[in-house]
Amino acid sequence: MKPQIIQDHNGNPTGVFIPIKEWEELKKQYPEIDGNPSFELSNEQKKILDERLKADKKEFISARKALNNIRHKYGL
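First residue of the sequence shown? That's 2 in the working numbering, and the numbers climb one at a time after it.
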């Protein structure tokens, strides 16, 4: 059986039905697709996120500028 495209009432693709046998094969090849991400943020990325979350919305700056500021602040 081939995968089937699921569409909404306008014909737009919204999902895919994959037969269980094919799904099991895909999970063997790509274990992370089963909801178990195989990555973790680095400490630098965590610091960047923490700083951005603390920032006042009135003082919003671009991600690139924030990254440069944090690298300078923490000597990264």
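Don't read these hints as lab results, they were simulated from the structure.
Using N, Cα and C, we set each Cβ at its ideal position, and we do this for glycine too.
Careful: at least some of the hints might be erroneous.
For each label pair, taking beta carbons as the anchor points, the in silico distance ranges come out as [to be verified]:
hint, residue 1, residue 2, range
1, 72, 22, 47 to 53 Å
2, 64, 33, 23 to 29 Å
3, 24, 76, 35 to 41 Å
4, 70, 14, 15 to 21 Å
5, 5, 76, 51 to 57 Å
6, 4, 76, 36 to 42 Å
7, 13, 36, 22 to 28 Å
8, 50, 9, 22 to 28 Å
9, 14, 65, 30 to 36 Å
Inset, instruction - Return the numbers of the hints above that this structure violates; sort them in rising order. - result: 3, 4, 6, 8
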